[in-house]
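Undergrad: In order, the protein sequence lines correspond to chains A and B.
When the first sequence is numbered by this note's numbering, its final residue is 292 and no position is left out of the sequence of numbers.
When the second sequence is numbered by this note's numbering, its final residue is 292 and no position is left out of the sequence of numbers.
Hints listed in this document are in silico derivations from the structure and should not be mistaken for laboratory results.
A few of these clues could be false.
What the hints assert, rightly or not - Incomplete in silico selection of chain B near chain A, CB under 10 angstroms:
#: 1; residue: R99
#: 2; residue: F128
#: 3; residue: V129
#: 4; residue: P132
#: 5; residue: S196
#: 6; residue: A200
#: 7; residue: Y276
#: 8; residue: R285
For glycine and all other residues, C-beta sits at the position ideal for the given N, C-alpha and C.
As a plain string of letters, each chain reads:
2 protein chains.
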Amino acid sequence: MSAQPGFLRHVIDCNRADPADYVAFTIAGAAVGRVRRELARRLAGFADLFAVTPDAVALQPGFDDFAARSHALDQALDRLIAGGLVPKRRKELYPVAARFADPPLARLDRGAVASFGVRAYGVHVNGFVRRPDGLHLWIGLRARDKLVAPGKLDNLVAGGQPIGLGLTENLIKECAEEADLPEAEARRAHGAGAISYAMAVPEGLRADTLFVYDLELAPGFVPRNTDGELERFDLMPVAEVAERVRATDDFKFNVNLVIIDFLIRHGVIAPDHPEYLDLVSGLHRDHPAFWR
Amino acid sequence: MSAQPGFLRHVIDCNRADPADYVAFTIAGAAVGRVRRELARRLAGFADLFAVTPDAVALQPGFDDFAARSHALDQALDRLIAGGLVPKRRKELYPVAARFADPPLARLDRGAVASFGVRAYGVHVNGFVRRPDGLHLWIGLRARDKLVAPGKLDNLVAGGQPIGLGLTENLIKECAEEADLPEAEARRAHGAGAISYAMAVPEGLRADTLFVYDLELAPGFVPRNTDGELERFDLMPVAEVAERVRATDDFKFNVNLVIIDFLIRHGVIAPDHPEYLDLVSGLHRDHPAFWR
Numbered sequence: 001m002s003a004q005p006g007f008l009r010h011v012i013d014c015n016r017a018d019p020a021d022y023v024a025f026t027i028a029g030a031a032v033g034r035v036r037r038e039l040a041r042r043l044a045g046f047a048d049l050f051a052v053t054p055d056a057v058a059l060q061p062g063f064d065d066f067a068a069r070s071h072a073l074d075q076a077l078d079r080l081i082a083g084g085l086v087p088k089r090r091k092e093l094y095p096v097a098a099r100f101a102d103p104p105l106a107r108l109d110r111g112a113v114a115s116f117g118v119r120a121y122g123v124h125v126n127g128f129v130r131r132p133d134g135l136h137l138w139i140g141l142r143a144r145d146k147l148v149a150p151g152k153l154d155n156l157v158a159g160g161q162p163i164g165l166g167l168t169e170n171l172i173k174e175c176a177e178e179a180d181l182p183e184a185e186a187r188r189a190h191g192a193g194a195i196s197y198a199m200a201v202p203e204g205l206r207a208d209t210l211f212v213y214d215l216e217l218a219p220g221f222v223p224r225n226t227d228g229e230l231e232r233f234d235l236m237p238v239a240e241v242a243e244r245v246r247a248t249d250d251f252k253f254n255v256n257l258v259i260i261d262f263l264i265r266h267g268v269i270a271p272d273h274p275e276y277l278d279l280v281s282g283l284h285r286d287h288p289a290f291w292r
Numbered sequence: 001m002s003a004q005p006g007f008l009r010h011v012i013d014c015n016r017a018d019p020a021d022y023v024a025f026t027i028a029g030a031a032v033g034r035v036r037r038e039l040a041r042r043l044a045g046f047a048d049l050f051a052v053t054p055d056a057v058a059l060q061p062g063f064d065d066f067a068a069r070s071h072a073l074d075q076a077l078d079r080l081i082a083g084g085l086v087p088k089r090r091k092e093l094y095p096v097a098a099r100f101a102d103p104p105l106a107r108l109d110r111g112a113v114a115s116f117g118v119r120a121y122g123v124h125v126n127g128f129v130r131r132p133d134g135l136h137l138w139i140g141l142r143a144r145d146k147l148v149a150p151g152k153l154d155n156l157v158a159g160g161q162p163i164g165l166g167l168t169e170n171l172i173k174e175c176a177e178e179a180d181l182p183e184a185e186a187r188r189a190h191g192a193g194a195i196s197y198a199m200a201v202p203e204g205l206r207a208d209t210l211f212v213y214d215l216e217l218a219p220g221f222v223p224r225n226t227d228g229e230l231e232r233f234d235l236m237p238v239a240e241v242a243e244r245v246r247a248t249d250d251f252k253f254n255v256n257l258v259i260i261d262f263l264i265r266h267g268v269i270a271p272d273h274p275e276y277l278d279l280v281s282g283l284h285r286d287h288p289a290f291w292r
């Protein structure tokens with residue numbers, strides 16, 4: 001963790017990446033990701049799939065529709081797994097596009113998304129309760145066997161956004177799996193913004209945009225995880241949540257950002273906090289660019 | 001107005017400025033503003049006050065404390081008014097600093113803030129009521145004799161942030177003046193974020209950061225303007241507010257941005273809106289930089 005307590009350190013940690021380490025990954029002329037230079041050199045060896053120049057890795061233009069491009073990327077993934085550059089498929093397919101609102105140019109297994117530096121999307125739900133003694137948040141404890149951030153604290157519900165599923169459908173699915181929330185309850189969640197970041201990871205670049213939802217729950221409701229991804233839930237006073245974000249690394253790296261956004265929107269981090277404006281801009285870095 | 005209806009056009013309109021038209025304005029080595037090139041050439045004639053190079057206008061380093069710098073800027077303002085380059089003083093003093101959280105390096109009359117492209121700060125309050133038939137917003141109609149945006153629609157409360165007043169104190173003062181809200185009611189407003197923009201204006205650059213507050217009001221409360229800046233208030237259903245922002249220019253240019261932020265935070269503009277991510281990042285451009 002960063003040496004000094006604070007909120008902004010989490011935003012900085014989620015945005016550690018040196019643009020000089022990467023080249024653009026393009027499909028049909030559109031920049032859809034970023035590839036680390038070492039990987040670009042390896043991909044130059046797959047000349048049937050990629051045209052590699054000093055500035056970019058381009059999917060060969062002969063792959064000219066969604067199916068052909070997706071198949072080409074899947075072949076590349078086979079070779080990257082065989083070469084030990086990607087551990088394994090995650091068996092979840094993500095869209096590949098220059099912008100979220102665009103029709104996808106291809107689909108890609110989640111396990112290769114960071115290798116190609118393709119922006120991934122997710123939904124995170126702040127589940128909160130208004131009690132006479134103040135705002136409380138339902139906080140999940142991630143299972144110890146999770147691939148990413150085992151044993152860390154998490155939002156009530158959080159999940160990646162696969163291809164072919166609407167945001168609301170995905171929200172409903174994740175609310176059922178992660179917190180045993182009936183559809184009618186999940187539909188009471190409302191969108192409240194989005195946060196973005198891009199960070200260097202061993203495979204390449206993890207560039208994520210998380211749609212954040214707020215869901216006010218009845219004081220009597222107790223969530224229950226049904227997919228084994230969370231060990232348990234605790235209802236924490238918002239001041240305790242804020243202090244653990246500020247002073248510890250107990251929360252999963254990106255969940256810190258979702259909660260900081262919640263704390264700002266609900267006035268828990270007040271406008272005269274010295275980090276306020278840097279937090280507000282730092283949580284909402286430009287989309288779809290990875291860096292200014 | 002922009003030809004096509006939409007929300008994003010307001011963000012684009014508030015960020016129209018060509019960096020090439022401006023040079024940095026510096027005090028003690030810190031970039032605190034932007035000066036249009038034509039004005040920089042005029043300021044080169046005030047060699048006792050400014051050192052002008054092709055890239056920057058620097059306040060002469062001999063003015064080495066807050067009082068001396070403020071006096072020097074005030075002398076410059078006298079000459080700009082005499083030369084017809086600034087219409088008049090606004091008699092409100094604004095802080096000059098590289099960042100909001102920094103101690104101000106000088107103070108400057110509001111009438112000259114855009115000429116020096118110094119970032120100005122303000123507080124805007126979304127006054128809303130939860131009724132059985134949905135969310136409603138109290139909307140002000142600006143007086144016809146206002147210098148800026150006469151006859152346009154406005155937030156419940158909005159005001160610039162002068163030097164020497166805390167954000168909360170200013171909020172309380174503005175709530176009393178603009179909506180006759182007692183202090184106890186004003187203190188119920190909570191910070192909910194900030195929006196930033198920088199736009200070319202005839203004097204130079206209008207670079208603003210607005211701290212946005214949400215204030216839920218009782219259904220029976222009726223605001224009343226006491227300073228003559230607003231003609232009246234109307235309680236509008238949120239769908240009507242959203243539609244007027246989307247399809248018209250009825251609202252003051254920057255109030256559109258404050259309301260779009262409110263609509264996003266409250267889920268009225270939903271995450272699957274095609275402009276969503278561009279709105280989220282566009283409302284929160286980097287602070288304190290004026291441009292990427």
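Undergrad: Tell me, in ascending order, the numbers of any earlier hints that this structure violates.
TA: 2, 3, 4, 6
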